[in-house]
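Read off the chains here:
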Amino acid sequence: MYPFTLVKVNDTAAAIKSASGNEHAKFIGGGTNLVDLMKMNIEKPEKLIDLNRLALKKIEKLSNGNILVGALVTNTDLAYHPLIRSHYPLLSEAILAGASPQLRNVATTGGNLLQRTRCYYFYDTATPCNKREPGSGCSAISGYSRIHAILGTSEQCIATHPSDMCVAMTALEAIIHVEGKDGKRIIAFSDFHSLPGEHPHIENTLAPADLIIAAEIPALGFAANSTYVKVRDRSSFDFALASAAVALDVQAGSVKHARIALGGVGTKPWRALAAEQALIDKPATMSHFELAADEELKNAKTTLYNSFKKELAKRTLISALQKTGGMV
Amino acid sequence: MSAIVGQPVDRKDGRLKVTGAAPYAAEFFQAGLVYGVPVQSTITLGHINNIDSSEAKKIKGVIDILTYKNAMSLHQTAGGDPNSGKFSEKDLLPLQSERIYYNGQHIAVVIAETFEIAEHAAALLRIDYNEEKPVIDIAQSEAKTYRPQQGLGGGSPQLKRGEADDGLDRAGVKFEQTYTTPVYHHNPMEPHSTCAYWDGDSLTVYDATQGVFGVQNLLANGMGIPKEKVRVISPFIGGGFGSKGFTWANTFLAPMAAKLVNRPVKIVLSRSFQMFTCAGRRSSTIQKISLGADSGGKISSGKHETTSETSFVDEFVEQAGIATRILYDLANLDIIQNLVRLHRGTPCPTRAPGEAPGTYAFEVAMDELAEKLNIDPLQLRLINYAEKNPFDGKEFSGKNLKWCYQQGAASIGWKDRSSKPGAVKEGKYLIGYGMATATYPANRSKASVKLKLYADGHAVAACCTQDIGTGTYTIMAQIMADILGLPMDKVEMKLGDSLFPQGPNSGGSQTMATTAPAVRAAALQAKSRTIQLAIADKRSPFYQQQEADIIAADGKLYVQHDQARQETYSQILSRNKMEWIDADATTDVTLKDGQKGPENDQAKKPAENPFAKQDEKMDREKYAFHSFGAHFVKVRVDSLTGMVKVEKISSAMDVGKILNEKTAKSQIMGGAIFGIGMALMEGSVYDPQTGRIVTKDLADYHVPVHADIPAFDVQFTDMPDYNISLVGSRGAGEIGITGITAAIANAVYNATGKRVRDLPMTPDKLLA
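Note that the protein sequences, when read in sequence, are chains X and C. Each residue of the first sequence is one higher than the one before, counting from 1 in the numbering used here. Each residue of the second sequence is one higher than the one before, counting from 1001 in the numbering used here.
Note that these hints are calculated values from the structure, not bench results. Incorrect hints may have been included.
[Said to hold, decoys possible] Covered by chain X, per the in silico footprint, the following chain C stretches (three or more residues, Cβ under 8 Å): (1) 1106 to 1120; (2) 1635 to 1649; (3) 1705 to 1714.
[Stated by the list, open to error] Derived DSSO-like pairs (lysine-lysine); straight-line CA-CA distance at most 30 Å: (4) X:LYS323 to C:LYS1428; (5) C:LYS1754 to X:LYS310; (6) X:LYS323 to C:LYS1765; (7) C:LYS1372 to C:LYS1298; (8) C:LYS1057 to X:LYS47; (9) C:LYS1017 to C:LYS1446; (10) X:LYS47 to C:LYS1058.
Cβ atoms here follow ideal geometry from the backbone N, Cα and C, with glycine treated the same way.
Whole structure, please, built from the sequences with the hints as guidance.
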C-alpha cells in the first residue's frame, strides 16, 4: 500500500471542494473494495476523503411514490428495508446474494455503484491490463477467461462488472443523483456505467470530483413479482458466473410488462432489452422464456474458457423467468 | 477405568483461541522487532540481471534489503525424513543465487521499522530479468515424463502384483477411464510466519510449523550452528494441512534478515500470491484406471497409472496409486507413477497426500464398473473385500470396514437410492446418492515425554510435538487425567518447544497415535513411583499394600478393596518433602531394539520405563496398520443451472478407540468438508501463457463456506486396536478426506446421469 492522507468532511460541499482539482483524491465510504485495491497497489490515492459524516444515510419514500436511497445507506440496510423487501424483492435478493454479512454491513449504495471488476489480471500488477494501465494490453483475452464477460466486450477488455445490486437497479431503471462542481444533476442508470470500448479504464460517466448523493428507485407496481437468481461456484460469498434480475407482470397467462437484467456476463450491469421485447404480449410459457433468452444471448461473444457462459446465462434467465412466471 | 478418555471434552485451549489470547508464531513481540516483507519473482524462468532498490531505500524507515548479494551462505540441509526435518526445496535454498526457477520464488526481503513501510518499499523495487521459456503444464510438449523410484516415506511408488495386463485381456468385463484433478493449495487460516532473533550466536525462532524438532534441525544444519544454539517455539498452529509439514523459505529468511540488521525480524506470508506460490501445494494429477472383472463382480485385475508434477529444485511425488494397493482384493495390479518437472514451486504433502486424489479416481471407477456390471456399488465393494492386506498378505491390525458400510448405508438411506441415474426428481431438483470407501495408513513413530507430578496435586507433561488444531493439548490431558485420577484442570500438556523431549512431526495423522502411548507411559510411571513411596512408608495407609491394588480416581489414591484407606498425591509428596515426582518415557516403534537409526547412527536401546517397554510392540512383521471407513452422500442438483448442493454426509469410521468424540468428529467433518471443496469448487489455475498463478487469493480460490456444508452424521466403531498401542487408538485425521470426493461425484452422477471426470464439478461442467 502507498501512503495517503485521510480527510474527514462534514457535508457534501466540503467533500466536493476537497476533491476538486486533485486527480489523486478519492472518496471513501465503506472501503470494502477500495481498501483491497489499495493493498494490492492498484489504487494509489494520495488523499482519501471520508464521507461517513455526511447525511446521506436515509431511505425515504417520495411524494411520487419513488424511493430515494442515500449514497451512504449500507447494503444491509437497503436489502432489509421493508419497502424494498415488499416492493422490490429483486433488489433485496440481489444485494443479499452478494458478499458476506460483514461486508454488506459497511458497504454503501454509492460505493457499490463504483465497484470495480474482479478480473484476475486487473488485480495482478505484474501483468498487462488496459483497465489498470491503459495501452498495456489485455491478459485475459488470451489468458484464463472463465469468469469474464461475453456481452459488451471490446478488443481491449472483457472484464465483468461484479455488482449484484447494480443488476437489479438497471432492471428497475434507477436514477443516480450526483452533485459536482457545477451543482446537482441526475444520470439514468443505463447511462451511468460505460462500456469498455477503446478506453476500458473509464468505467462511468462521473466527472472529476462528482459525488454520488443518492439512487432513486422509480415506483413499479409489478416489481413486487420479481426475483434474482445467481449461479456461482459455491453457495455464498462468491461472484456470479451468471445472474438474472427479473420483474414480470403476467396477466391471464400473458406477459404484459417485463424488466430483465443480467449479471456476471456483461462488462456493465446488463439490461436485457431484447429479452424483454421478445416476451411482451407473449404467453408466460417455457418455450417463450427460451426464445427470449436466446434473443438476448444471440450476439454474445465468448472466449476459450468462458464459452459455457452463453448457455449458463440463458438457463439462469429461464430459471428467474420460471420463478416470476409462477412455474416453480 | 476410563472416565474422561473417550468423552467429548471441550478443548482446553478453546477459550484462548476464540478470545484471541492464544499466541501464534507471528504474535511474539520482541523489543526492537522489525518487519520483513518478501518480494517474489514475476517471471517463471530465467535469472535476475539487476535489483534496483534506489527508490525503495529512499523511504524513511527502510533498514535494509536482503537479496542474494548480501544474504548469508546456507549449508545444504541434509535429510528427507519429516520427523527430523525436510526443507521443501533442497536445490533452492533461499537467496543463494540470481537463478529463477518459478514464478513467485522469493528474491528479496525488504526490512523496515513497520510493516506498512516495508510493504510500500517492496512495491518500489525494480527488478530486471533475463527470461527463458519455461515448462508450465503437464500436457505441454516440452514436459518430460519419468518414473520416480521413491515416494513419501521412502518406498517405491511403482508396484507390480501378478500379471495385470494378461488379467485385463482375459477379463469378461473391462473398464477404463481417465480422471484429472487440479492443483490444490492448503490455505490454512494462519499464514506461514516466522519471528527470529539472535542473541550472540544463539537463535530463537517462533515458527508456524507442523514439526518444531525438524525446524530446529534444519536451521542448525543450514546455518552451520550447533543444534543446542537453536530454539524453536510453536505453541499454536492455525492449521497446516501439510503445508507446514515441510519447511519453507520464510523459516530461513527471518533469521537471515535478523542477522543482516541485527534486530528481531518478523515475516508473515501474504494471503494473496505468497500463500499460493511459496508455501507448497498439491500437484495436479492425471489418473488412468483400468479394471477387469467377471460378470459376478469379482475384480481380477487393475491398473492405476498416475502422472503428477514436481519442480526443478526437488522431487515430490503425489502418489495417487498408494491406497489402490490395499483397498480391495485384486490378484493382479499395476501401479504406475509418472512425474513431470514444471517451473513451479515444489508440491508437498496436502491433506492425505496420494490417498485423497487417488481414492477419488479409483472409487469413481468402482462406481462406473458397478453400473457396467449392474451390481449395487456397495455390493461390488463387498464382493472384493480384502480380509488381509493385499499388498503384503499380512493381517490388518484391526479392520471393521463392514460395520462402516452397514452403518453409513443405514444413516443415508441407501435403500432409497435408485440404481437408474437421473430418476429421482423433486421439482426442478435432481436427487442422488453416492458412496465410497475411505482409507488411510495408521502411522506411529517415536515420542519422548517428560512429566512432573507436583506436590500441590497437579501434573504437567511436555513433548516437542504440536497441536495443529486437532486437539492434542486436550487429548493428552485426558490420558493423564484418567491414569493419575486427576480432574482436567489439574493436568496440563505442554507442546511446541524444542526444549522439550522430541516428539513426532504432525504429519501422516500420527501425532496422537505416537504421542499418547508415551504420555500414558510417563503418567503410569509417575503414579507408580508415588505409590511405591507410599507402600514402603510406615506413615502411609498404603504401607505394605500391593501396588496393583491401589487405584487413582477423583483426585486421590485408595485401596481397591478397602476404600477407607486413601490419601492424595499431595499428602504422599509432602510427607516425603518432595516438590514433585519426575517421570519420563520414550516409546519408539520405528526400530527394533539394537537396530541403528538413520539420524544418529546409535543403536536403539531398550526403553527404561517399564510401561514404555510394554508399549513398543507394534509388530509390523505380523500386522498391516491401516484405518478404513465409508462415506455416504446425498446431493441435490438444480437441473437447470447445474448447481450442486450436498444435502447430507454420513461417515462411518474405524480408527480404533476414540479418545475424544468431539475432536474426532471435527476431524472427520473437516476432512469431508475439504472433500466438498475438491468435488465441487476447489482448484488452482495457472496462466496458460506465463505460468503465473491466476487464482491467487481466497476470492478466486474457492473453499466451501458455511452454506455449502450439509448435515453430518459421523459414527465410529470405537473398537480399540491394541496391536498399534496400549492406548488402542489409530490416527483420526486425514482419513476424513479420502473417498469423500468420489462419494460426492458418484452421487452427482446418480442424480444427473452426468459423469464429470475432471474436478471440480462446477456448474458449467454439468450443463452439457
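* **Hint numbers contradicted by this structure** => Checked against the structure, no hint fails, so every one of them is satisfied.
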